[in-house]
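Q: Given chain D, work out where chain G should sit, using these hints.
Those sequence lines, one after another, are chains D and G. Each residue of the first sequence is one higher than the one before, counting from 23 in this note's numbering. Each residue of the second sequence is one higher than the one before, counting from 85 in this note's numbering.
Don't take every hint at face value.
Below are the DSSO-like pairs computed for lysine-lysine, each with C-alpha atoms no more than 27 Å apart in a straight line [as the list claims (entries may be wrong)]:
| no. | chain 1 | residue 1 | chain 2 | residue 2 |
| --- | --- | --- | --- | --- |
| 1 | G | Lys-618 | D | Lys-316 |
| 2 | D | Lys-480 | D | Lys-316 |
| 3 | G | Lys-558 | D | Lys-364 |
| 4 | G | Lys-366 | G | Lys-219 |
| 5 | D | Lys-111 | G | Lys-627 |
| 6 | D | Lys-456 | D | Lys-420 |
With beta-carbon atoms standing in for the labels, derived distance ranges [claimed, not checked]:
| no. | chain 1 | residue 1 | chain 2 | residue 2 | range |
| --- | --- | --- | --- | --- | --- |
| 7 | D | Ala-388 | G | Lys-627 | 54 to 60 Å |
| 8 | D | Glu-171 | G | Glu-563 | 39 to 45 Å |
| 9 | G | Asp-105 | D | Gly-168 | 53 to 59 Å |
| 10 | D | Gly-168 | G | Glu-563 | 35 to 41 Å |
| 11 | G | Thr-485 | D | Arg-46 | 46 to 52 Å |
| 12 | D | Phe-245 | G | Met-359 | 57 to 63 Å |
| 13 | D | Glu-171 | G | Met-394 | 45 to 51 Å |
Output of the computed footprint for chain G on chain D, the stretches with three or more beta carbons under 8 Å from beta carbons of chain G [to be verified]:
| no. | segment |
| --- | --- |
| 14 | 81-88 |
| 15 | 107-117 |
| 16 | 163-170 |
| 17 | 257-268 |
| 18 | 283-290 |
Simulated from the structure, these hints should not be mistaken for lab results. Using N, Cα and C, we set each Cβ at its ideal position, and we do this for glycine too.
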Amino acid sequence: MNPRLKAFFNSIKVQGLSVERERRLLQELNSDGDHGLVPPTVRPAGRLDDTLARLYGASDLWAIQKMEAGQGSYTTNIRSLDELLERDKQREQDGFPRKIRVGRMIRPGRGGDDKVVVVPTTVEEKFLHDPSFQPPEKGDSTGGTGDGEEGEVIGEQPVRPEPGAGTGGAGQGEGGAHEVESSAYDLGRILSEKFELPNLKEKGKKRSLSRYTYDLTDKNRGFGQVLDKKATLRSVLETNIGLGNVPDFNDIDTTRLLITPRDKVYRVLSKEKDYESQAMIFFLRDYSGSMSGKPTDIVVTQHVLIYSWLLFQYEKQVESRFILHDTEAREVPDFYTYYNSKVAGGTRVAAAYKMVNEIVDKENLAKDYNIYVFHGTDGDDWDSSGQEALPELEKMLKYASRIGITIAEHVAAMNNAGNTEVQRYLTQSGLLEKHPSLIRLDVMGEDADEPRMIEGIKTLIS
Amino acid sequence: MELISQHTKKIMEGCKERARDAGLRFDNETLEYIVTNRDMIELSPKVMIPTLYDYWVQDVEVLKEKGRYELYPGNPYETVINTRPAISFYNDNNPDWLNVMIFYHVLAHIDFFQNNTFFRHTWDFDLTGRALADKRLIAKLRSEKGRWVDYVIEFSRGVDNLVGYFDELSRLHRSSQADCSRRLDYYLDVFLQQVKKVKINQYVKEIERFNDCRRKYGERGESTFFADTAVKYPEFEALFEKSSRVAKGRNRDLLQFLMDHSEFLNKEENKWMKMVMEVVRKTSIYFQPQIRTKIMNEGWASYWHEKLYMQDERIRGHEIEFARAHAGVTAMPRVGMNPYALGMRLFYFIEEMADKGKLSYDFERLLDIKQREKYDRNVGAGLKTIFDLRENFCDFMFVNTFVDQDFVDKNKLFVADRRMNQERMTWEIYVKSRKAEDYRQMVLDSLYHPPWIELDQESSAGKTLKLIHRFEGKPLVSEYIANTMLGIEFLWGGPVQLETSEVDAETPAEVGSGAPAFWTPPQPGAPGPAGALKWRRVLYEMKDRQLSRVVVAPFTT
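So that you can see chain D by itself, here it is in the shape it has in the complex (with noise of 0.2 Å):
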């Protein structure tokens, strides 16, 4: 057990625990997890959880011949998205639930760089042994060879490598090829219809916000698009005025103009940019023991949406930061780390609070920036009653533009829905009537699917 830890715990507990909240606390305290984040030096060793190390993960193909199935490019490999959606839809009107999941990112791109890979997937479901399950005495045990007494440490292993350590694996289609711009696309276009930033303000200079559309408004003469008539004719009128032809302008008589080919002005589509405000974007994620499973599945699959549509919206304009939270928090440098931080430890949520809340005040963020918080969690707060969250949350209110907290409910307590410690306190401090446009809760049950996300994220941005 982690010894701060257990001290923080120690200090709730002198302020009074009910007896089941205190077993829900020690459960996350004994909770042998961590989140997988690198510590400076490890000595690796092989990697355990490596499909490699497992014994059907090696083939002859790529064993022997180092081949492996070379992934086209999405976009030509899955024939269209909207013919699967087109399916999916089909089937629920067969009466069968949908089977297609838009928008789960499969492999984005090591290092940092902003690479998502977003496809449409799915599962084919059957009958099978849940392998996730280890009888707790039994552990995750593989083989080894080589020398080594019973019980001696032959090495060490971060759960998630550092960003470029690189694993080089097999199979499994590498995510560094697809860009952005393609992959992204049809989720990007699918979303972007549906939402934008709420509250935009004018405010700084240092980088434009800028969306394109396009619009009929270059003027072309000759030829083009849309006749535009009354530029047409005023250019009439100002060919026959030159040419002598209209003796009295009280009674113009129009059938005896003359109509040159370039007097006809056509409007012609074109490009706009849209300056707008800039804007950044912090996401905060709980990653904390109980948040293991379904919720943790739905928070980053939401954030990878907000994610995706934001680099496809805005063209990569928005920046974004990336804070992860147990009973602290830390900021990781990109979406890929933040996505894949396993879950261990405590919850406080006034850490992450606080932490957005003095990145803000250190670097001077709003006053340039639009300032979007979108946060999610399982609703557990070891702070129960929010004295420490909501100080940090009004002050974050007095420059964002919009906070959005998602809670997934895990489906034990779904009995008594809506008694999560996050979204009581929240309820409790009137904050959510006070500033209805500036901070939005969205809570939903930890077996939520894919529509009900988006809708999510709709409540949360609309």
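A: Structure of chain G alone, referenced to chain D:
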């Protein structure tokens, strides 16, 4: 895809000759294709069978993490597939010396496919041909029935791991000589052993009594025997009657059962669905032995490519390159498992044991470590022994029989595990055990094993189909249950129930588990070790596409 060049084919033929001389047996015809990355894109979702039927899921990225290999027993990256003639795939730019090694590897695989009895059901026809016919059938049906074909494929694939692979095999392997009546089978195999639970000496006596009757009364021996039996066990006839009623459908082959007994499927307008299901079922059964012989098959191929290449004069000048490539495939990883390495070492180990006569009772009895080491009767039965194994064993038998302390010590094997280092926030990997039994257990635990789900014939008499999951220490993946059952309900045309075990969620993972492994019979009611997980039986029901769940009984008290 194009065939390899004449030059390369000649190399292959040279390998065949040498492999035959060494004792491998395989069909003369083989097909070798060059595959490009483009080909691989199309081939890997179809488990390398170019003619497999089309299904839309093959075009979508499929999430496999959850079930990993359990979901897809067929390996999408196999070099050689078990067809007639066997087809193998090659990279365009392999140098000749590497091709020699691969050819030997491939030939040993073909030898394994064509001689190992777990592949018996694949010997009499060509999969590529049949797959093509199936593909056309499905394409034709699709043009008539549209998307409903895909639903049937989807739902059938949902239970395609519950096919009666062993039933199929046992039908093929039933020897014609032991031509016993079903009554006698039931009496000796079930009635005496499971109902009466007689002692061994009594059992032997019964067999003698039967043989006596046969000797004395010849043809009428059996009826005499059962006339006597009726006096001894008056209840026998009734039980036999009952069992034969049940036994008619006594299989674990859910797909087959649905095809035979579903009223829905047997309606005139739905009969085409059975054709689709049969395609899915046959395809699944075809791939079943592959994953059950992974260690043996790869070990066998590695053993032979090493042995044959070392004797081949074509290795000259390429010794170092070969050594590198070979070590890359068959080196024992410091941490992790490698089926090539493990299987190959086991074959060498067994060969040596058999050569020295160590696979014998005399040797088993020796306890002195020095004597065991020096033991050598010069029997020379090594080759014959490993050829016998490749014919009759599967991975489970192979590992369970031959991984012993000598093998573990010789190869310095150990069970590795990891634990958290809170200070450094890393996983520490450590040597957990060097005992053979632990190592064996660890390997056995990682072998493919689909859940054991049986049909409850008696409860399924009415409209409701009842499935019983035999608990083997692991729960089912719960989020897959709903959709899988939805599919079964569709095919069955009525409500479906599934009884399974789940961890009691109210007392979540505290510590310990009394979970038995799949080959040790589970003992419901037996108290597990202290602090064991609490299991309970739950009953899922899918009715009108709605899933409900009730707790039936706590498993442990």
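Q: Each of the hints needs a verdict: does it hold here or not?
A: Consistency of the hints with the structure:
{"no.": "1", "hint": "Lys-618/G to Lys-316/D", "in the structure": "holds, 23 Å"}
{"no.": "2", "hint": "Lys-480/D to Lys-316/D", "in the structure": "holds, 21 Å"}
{"no.": "3", "hint": "Lys-558/G to Lys-364/D", "in the structure": "holds, 24 Å"}
{"no.": "4", "hint": "Lys-366/G to Lys-219/G", "in the structure": "holds, 13 Å"}
{"no.": "5", "hint": "Lys-111/D to Lys-627/G", "in the structure": "holds, 23 Å"}
{"no.": "6", "hint": "Lys-456/D to Lys-420/D", "in the structure": "holds, 13 Å"}
{"no.": "7", "hint": "Ala-388/D to Lys-627/G: 54 to 60 Å", "in the structure": "holds, 57 Å"}
{"no.": "8", "hint": "Glu-171/D to Glu-563/G: 39 to 45 Å", "in the structure": "holds, 42 Å"}
{"no.": "9", "hint": "Asp-105/G to Gly-168/D: 53 to 59 Å", "in the structure": "violated, 37 Å"}
{"no.": "10", "hint": "Gly-168/D to Glu-563/G: 35 to 41 Å", "in the structure": "holds, 39 Å"}
{"no.": "11", "hint": "Thr-485/G to Arg-46/D: 46 to 52 Å", "in the structure": "holds, 48 Å"}
{"no.": "12", "hint": "Phe-245/D to Met-359/G: 57 to 63 Å", "in the structure": "holds, 60 Å"}
{"no.": "13", "hint": "Glu-171/D to Met-394/G: 45 to 51 Å", "in the structure": "violated, 35 Å"}
{"no.": "14", "hint": "81-88", "in the structure": "holds (count 8)"}
{"no.": "15", "hint": "107-117", "in the structure": "holds (count 4)"}
{"no.": "16", "hint": "163-170", "in the structure": "holds (count 8)"}
{"no.": "17", "hint": "257-268", "in the structure": "violated (count 0)"}
{"no.": "18", "hint": "283-290", "in the structure": "violated (count 0)"}
In summary, the structure is inconsistent with hints 9, 13, 17, 18 from the numbered list given earlier, while agreeing with the others.
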